[in-house]
Structure formats: structure tokens, C-alpha cells
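Protein chains in written order, with this note's numbering: chain H, 1323 to 1742; chain F, 1323 to 1742.
Please keep in mind that the hints were generated in silico from the structure rather than gathered at the bench.
Hints should not be assumed to be uniformly reliable.
The list makes no distinction among identical chains, and a pair is therefore deemed to hold if it is satisfied within one copy or across any two copies.
Mimicking DSS-like on lysine-lysine, the simulated pairs with C-alpha atoms at most 25 Å apart in a straight line are [stated by the list, open to error]:
# : residue 1 : residue 2
1 : Lys-1706  : Lys-1645
2 : Lys-1634  : Lys-1576
3 : Lys-1391  : Lys-1506
4 : Lys-1647  : Lys-1576
5 : Lys-1645  : Lys-1520
6 : Lys-1485  : Lys-1496
2 protein chains.
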Amino acid sequence: MTFNIDLNSSYIENKINDLEKLTDEDRPYTRLVFSEKFYEARSWLSEQFNLLGLSITTDEAGNLIGLLKSKKDTNKVVIVGSHIDTVPSGGRYDGTAGVISGLCLIKHIKENNIELPFNLAIYDYLGEELNEWGTSCIGSRGIAGALNEDILSRQNSSGQILKEEINKIGGNAKLLNKPLPVIKNILACLELHIEQGKILEDRKIDIGIVKSIPSISRFKVTVTGQAGHSGTILMNQRADALVTASEIITFVNKLALKISKNSNQHFVSTIGKIDVHPNSAAIIPGLVEMTIDLRATSQNSRQEFINTLEQKISSINENNDCKIKMKDIAFAPFVEMDKELIALFKKSSDSLGFSSNIMNSGAGHDTAQLSRVAPAAMIFIPCKDGLSHCPEEYAEVSDIAKGTEVLYNMIENLANLSLT
Amino acid sequence: MTFNIDLNSSYIENKINDLEKLTDEDRPYTRLVFSEKFYEARSWLSEQFNLLGLSITTDEAGNLIGLLKSKKDTNKVVIVGSHIDTVPSGGRYDGTAGVISGLCLIKHIKENNIELPFNLAIYDYLGEELNEWGTSCIGSRGIAGALNEDILSRQNSSGQILKEEINKIGGNAKLLNKPLPVIKNILACLELHIEQGKILEDRKIDIGIVKSIPSISRFKVTVTGQAGHSGTILMNQRADALVTASEIITFVNKLALKISKNSNQHFVSTIGKIDVHPNSAAIIPGLVEMTIDLRATSQNSRQEFINTLEQKISSINENNDCKIKMKDIAFAPFVEMDKELIALFKKSSDSLGFSSNIMNSGAGHDTAQLSRVAPAAMIFIPCKDGLSHCPEEYAEVSDIAKGTEVLYNMIENLANLSLT
Chain H
1323 MTFNIDLNSS YIENKINDLE KLTDEDRPYT RLVFSEKFYE ARSWLSEQFN
1373 LLGLSITTDE AGNLIGLLKS KKDTNKVVIV GSHIDTVPSG GRYDGTAGVI
1423 SGLCLIKHIK ENNIELPFNL AIYDYLGEEL NEWGTSCIGS RGIAGALNED
1473 ILSRQNSSGQ ILKEEINKIG GNAKLLNKPL PVIKNILACL ELHIEQGKIL
1523 EDRKIDIGIV KSIPSISRFK VTVTGQAGHS GTILMNQRAD ALVTASEIIT
1573 FVNKLALKIS KNSNQHFVST IGKIDVHPNS AAIIPGLVEM TIDLRATSQN
1623 SRQEFINTLE QKISSINENN DCKIKMKDIA FAPFVEMDKE LIALFKKSSD
1673 SLGFSSNIMN SGAGHDTAQL SRVAPAAMIF IPCKDGLSHC PEEYAEVSDI
1723 AKGTEVLYNM IENLANLSLT
Chain F
1323 MTFNIDLNSS YIENKINDLE KLTDEDRPYT RLVFSEKFYE ARSWLSEQFN
1373 LLGLSITTDE AGNLIGLLKS KKDTNKVVIV GSHIDTVPSG GRYDGTAGVI
1423 SGLCLIKHIK ENNIELPFNL AIYDYLGEEL NEWGTSCIGS RGIAGALNED
1473 ILSRQNSSGQ ILKEEINKIG GNAKLLNKPL PVIKNILACL ELHIEQGKIL
1523 EDRKIDIGIV KSIPSISRFK VTVTGQAGHS GTILMNQRAD ALVTASEIIT
1573 FVNKLALKIS KNSNQHFVST IGKIDVHPNS AAIIPGLVEM TIDLRATSQN
1623 SRQEFINTLE QKISSINENN DCKIKMKDIA FAPFVEMDKE LIALFKKSSD
1673 SLGFSSNIMN SGAGHDTAQL SRVAPAAMIF IPCKDGLSHC PEEYAEVSDI
1723 AKGTEVLYNM IENLANLSLT
């Protein structure tokens, strides 16, 4: 069954063009989980599942699933897919590429009347991107039993409670206190994603085969000072929360630079979200809230960062009129991908004549959650200039098609393994 | 005509209680210029003017005026009043104290059938607080001819154009290209205001008589970096606009501390407003916009600050992947109050047995604008802990009443001067 790269590229391109229209108009490309545009994109995706003749369900965690049932009487399932939500002002390929690749894969299988000895499911994992509830990977965490009541009860700034939103979209948050039953039947979870880095592009490599996904930690830092008039409070009488917050931002950046330089492991830390109150030019900031995002392959480096930052905060709290609190709000551990699936991906890629590289991921992915409860692995395709989480994000549709061909070859290999 | 402090205190208290209810509910006390609550407060104030039998007009600059006409055929006018708009999450006394003091003054004059040889006007100067259009003192700048087309054409974040808002509230922005005709007739502009500092409270002084108001400069600083994925972009490959913005915030704070320490003059600088884009925890900030607020009594100190900051920015632009632009968006010059009015205020205060202090203002005021085109002066009353522009702002109603008695004594003195 020849996989026609050109034909499949144009299918992929059409679907990307469809989805890119479903964005908040004033800030392309924005399709936040549970937003109006997200619901529209879910309807669009259900329609695609329908066109492919898949049976459609939403699981307890709110994941939208299209299922290609095997003619064999089996519960075993191979999962493909990714996510269709985006960050604010994000791109058109992060997540989307994996979902559309899954559609393309199933279209190819259907058109060629290929019979599989297992069910094949395409997932839109619910809310992979970090959201206002301070968590990411809602749907895949839900599958892995990694959502707890603390997370599920959180409210966003509009007062919406996470578990209620999950229920509204068709999930059942009550059943999320343990891994979902499906995990017993998973033969393999396979995700295609853009690299979001520059290694593949720089080295002109077709396929990245992911070896590990770093731990992700998020901390909420609150700096409390005293608001006051910007004209009347003398410089030496101030407790300016933004000035103290700036000290933390500078410190976090320098510390992360130092740790990443001293170790050969992937280590990054970012303060991307900051809210200043009351945020008015004529008022000394009285309160700053910000989120530290930390990604580490090495647990030692992670701990070194946290210890050093905590010491810095203690020292500021002793010597400064502003007071700082740091709270752990999210954690996903470092995980390694399934070794057999890595080897199979390598074999598939080689057999198709694609160059490949076994590599670490910098970003977190739904597959990191799935890998805690099932055999899971993922492949990267190149993206332009390593840019992601921004409107400039770009990938060639032919590269997505190549990755889809690797997925198809994997499915064939897994089918052969299941039959033997 | 004895001025009864107790009776007038309870009148003042009632009016403060009325106005404090007119706030955005989710963030007391907030009554931003042109907002729904601001319009409600203007209606309330018109009603108060009506109750006192004043004739009501709105001038070309959108100032709401209640006029007590003299029985004499004269155009001469003494102006009292202040402003009823607030900063976001501000207080209940800044501006409001001066407007309510004016109401109380006129009530006293009316109740005692005092005839004046000049008209007495109470002004609610339009939009004294810094607003989204990047300017403050809209109404008083309008009187002084200090609004220009650049300012009047600015849009806020909802796309509202300043001049259209001025017209909507009853002004006529076309006529604001020069000082308003009223300035020829002004005998004196007198404003009562809370000190917004701690000097009067600390030294247990009843009345502050303002000698000067510092220059106010505002600069918009834009830091442009490159947004990207917080997990995949390596620490040494980043152009993080927030990290560079933090360097500026720290620098501005240290520089202002140093200049204020080295000079005996009032000198403060604040970054109170910062907008980070896209402001999401998993995205490296690509753009930061912030406003620098600068208040200086000495022009030399102001220039030293600007020159040093510009050098710092040039140096960052040469050595950093982020690029910084600084733009001058507002300026009000240093002004001195009318010397004869200062002396008269001192005489009034002394004659009533109040302790007083001739002092510099830290904050800007409508009177600074008026002083450019007419004899103008102002008095301060104490406020608790020097706090202002925050919900904790507090002043004793008896202190507002004492200040009102000084104003009344001033009116008497001015009347005597006019008659002789």
C-alpha cells in the first residue's frame, strides 16, 4: 500500500487550513481549552471522524476519541493523535499536526481497506496546553490518574471550576481519581509532534525519535508589597512589589543559565506570566503574582534550582519590606519512552529511507502522561527556526506527511507483531 | 458667621459615604474617567449642585461646573473644587475631599446668606488621574490650553478616542487648541486635597500650604524580544523581553534612589504599569510595554535621570538580543504656587488657630495646570500613614472640615480685597 506523500500532503494542508480559521480573531492563533473556538474545533473534528466512518466517544477525562474498530473481537487498541488546543497567540502546528496526521493515517488505512488485528483510536487529548487552572495535559493526566481533587477544584479568573468544565464537555470528573480502564488494553500510544526546537532543521534530519521528556514543574510566586501614590511615597519608604519581582526574574534567569551551562542535560526556566496589581502608572505596585516554569531532565539539577531559589527568597524576606511566597502548583515527572517502541520507530524510519535522530524532548507532551501507564513513544518532525508557541510557528506539510508514513509503517509493524 | 466644625463634618461624611458607593463593585474604589460609575458620580454631583441652587454647566474641556452667581454684575470668579475620578483600586479621599469641601463651603455661604463680590465656582476637573490615554488632568490641561492633537487623538484599549469622549460628556474638543476664555476672569483657583504623604500627620500639623508641584514626566518603554516555547528554547538562545524589562525596572529604581539621596529635592520614579505579551506561563515573553512615571522638583535631577537611563538603554540595545524603545508620552512642568495666595492661606490658617506648614507637593494636581494661566494655590490636609492611590487611603472628616474653614476664610479675605 504505497503512501503517497504528495496526495497526503495536500489532505494535511487542507485540514490545517480548516483549523487555523478556528481562532480568536483578535489574537491568532488562539484556541484555548473550553473556549468557544475550542468547542467549534471539537465539532469540526467530530465531523472529520464521521467522514472517516469512525465511532465517536468522549471519555471520562474529556478526550475526544475516534475509533476504527478491528473486525477481530478484541479490546486491544493502538492510540494516535495529539491535541487541538493552543496557547494564547500560539501557532498552527503544535498539537494540530499530530491530530491531522492521525486523520491522514486513518484515511490511508480506510482507502486501502487495510484490516488491523487491533482497534485504532485517534485522540484529541483535552487541554494539553497550560491553562488558567495552572495545569496542562488535562486529558492525558486524566487517563493516567494524575489529576487530583486539588487540581479539579481550581477556578479560573471567571470562576469556572475545572471539573465542571470537564463534565460539560462530556467527561465525568468523579471517575478521575484513578487511571482509566482503557490503559489495560493499550498496545501502544504513538504521537507525532513538531520538534519545537532547531535540531532536526539544523542537521537536516527527517524524523526525531523521542527518548525522554523532561520533568515540568510550575511554581506560583506571590510578592506582597504596599501599593501607594507614585508621586508622594519617597524612594526609601517604598515596598514596591514589582521591583522585588524583577529581582526574582533576574535571579531565576541567571540561575537557569548557570545550571544549564554546567550540566549536559536539558534545563530551562522561564517566567512567562506576571500579573501586577493594580497595574496603573501612578501607583506603586502592591502585589505581583507570577508563574515559574521549570523543565529538567536531571532531578539533581531540578533540586539544585529549587534549593537555591528558596534560599534567595528567604534572604529577600529577611531583608526586604516585600514578602515573597512560592507555591508548587504543578509537576510532571521526567519520563523515558518505551524502548521497544523507540527501536520500532527507528526501524520504520530506516526502512522508509528517512534520516532519524534519537533525541530528548524539551517540551512536555501528552505522551509523557501516557508513558506512566502504557507503552508510549513519539516522533518529532522539523519546524522552522525552532519557533513554537508563537504565530510564526511553521512546519512543512510534506514533513508531516513523512511522519505520517512512519506512523503507518509502525502500525503495519505492530500489526505483524500482534499476528505472530 | 461661625463655621461649625462638627455640623460640617457630618455633612462631609454623608457626601463621602454617598460617593464611595459609586465604585466598580469588584475593585473598590474605582471610578475611572468616562466609566459608567464616573457618569453616575457626575449625575450625583449635578444633583448636589441643584440642591445648593447653583447654575450648572460643562465647559469645553468637559469640566462640570456649579456656579454661585454674585449679585454684582461681574465676570470675576474664584474657583474651588478638585476631581471625582479615581485611579483603579484607589481611595475615597483623593480629589473627592476637595470637591466635597467645595460643596460644604458653598452650603455654608448659602445658609448664612453671604454676598460675594465675585462669582464662586466649584469645579469637578475632568479626569485628573492618569488614564488609558496616557495623560492626566484632562480638564485642567484643557483650561490651560495644554492638550494637543497628539493627546486628543489617542485611543484607549477599547478603541475610544479621547476627544470623542470629551465631546460625549459635554465638552468641545475643537476649542481646546488654546486656553479657555475663563482664564481672564479668574481671581484665584483654590484646591483642597489630602496630602498623600506623611509630613502633616507625623508633625501633627493641621494645614499644609503648597509652595510647588513637581514636574511629572511619563515615558513608554517597549522591549521587543522573541516569543517562543518555554520548554524547548535553550537558555542561551533566548531573547526574553521580561528578563530585559526586569533589568530596566531594577535600574530605574536604583537610579531614582541614588538621585533622590544625593539631592535635597523631591525626586521619585516608578514603573507601576507593565504589560507582558502573550503573558502565558509556557511562552517566553516576546514583548513588554511599561510606563515610567517620574516626578522631580529639580530640572537638573530630571535631566540626569533621563540621560543616564538613555545611556543604559543604548548599552542594552548594543549588547542584547532584545531591543528597547523609550518614548516621551506626557509632561507637566514644575510649577510654583501664587505667592500672594500662599501668604493669604497662611494668614487664614493662623487667624483660625490652625498650625500650618508651607511645603512642596509630591503629587501632581489640577492646580499645577491652572497655575500656568491664573493665580492658583492649594492646601493639604493630613491623611493616614501617607497612604493614597490604594483602598487604605483615609482622612478624618474633621480635618476636611478644618480645611474647608480655611477656604471659607480665604473667600472672605478675597472678598474684602476685592471690595477695597
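Comparing the hints with the structure gives:
no.: 1; hint: Lys-1706 x Lys-1645; result: between (42 Å within a copy, 23 Å between copies)
no.: 2; hint: Lys-1634 x Lys-1576; result: both (12 Å within a copy, 20 Å between copies)
no.: 3; hint: Lys-1391 x Lys-1506; result: within (17 Å within a copy, 89 Å between copies)
no.: 4; hint: Lys-1647 x Lys-1576; result: both (20 Å within a copy, 24 Å between copies)
no.: 5; hint: Lys-1645 x Lys-1520; result: between (40 Å within a copy, 23 Å between copies)
no.: 6; hint: Lys-1485 x Lys-1496; result: within (8 Å within a copy, 55 Å between copies)
Comparing the model with each numbered hint stated earlier shows that all of them hold.
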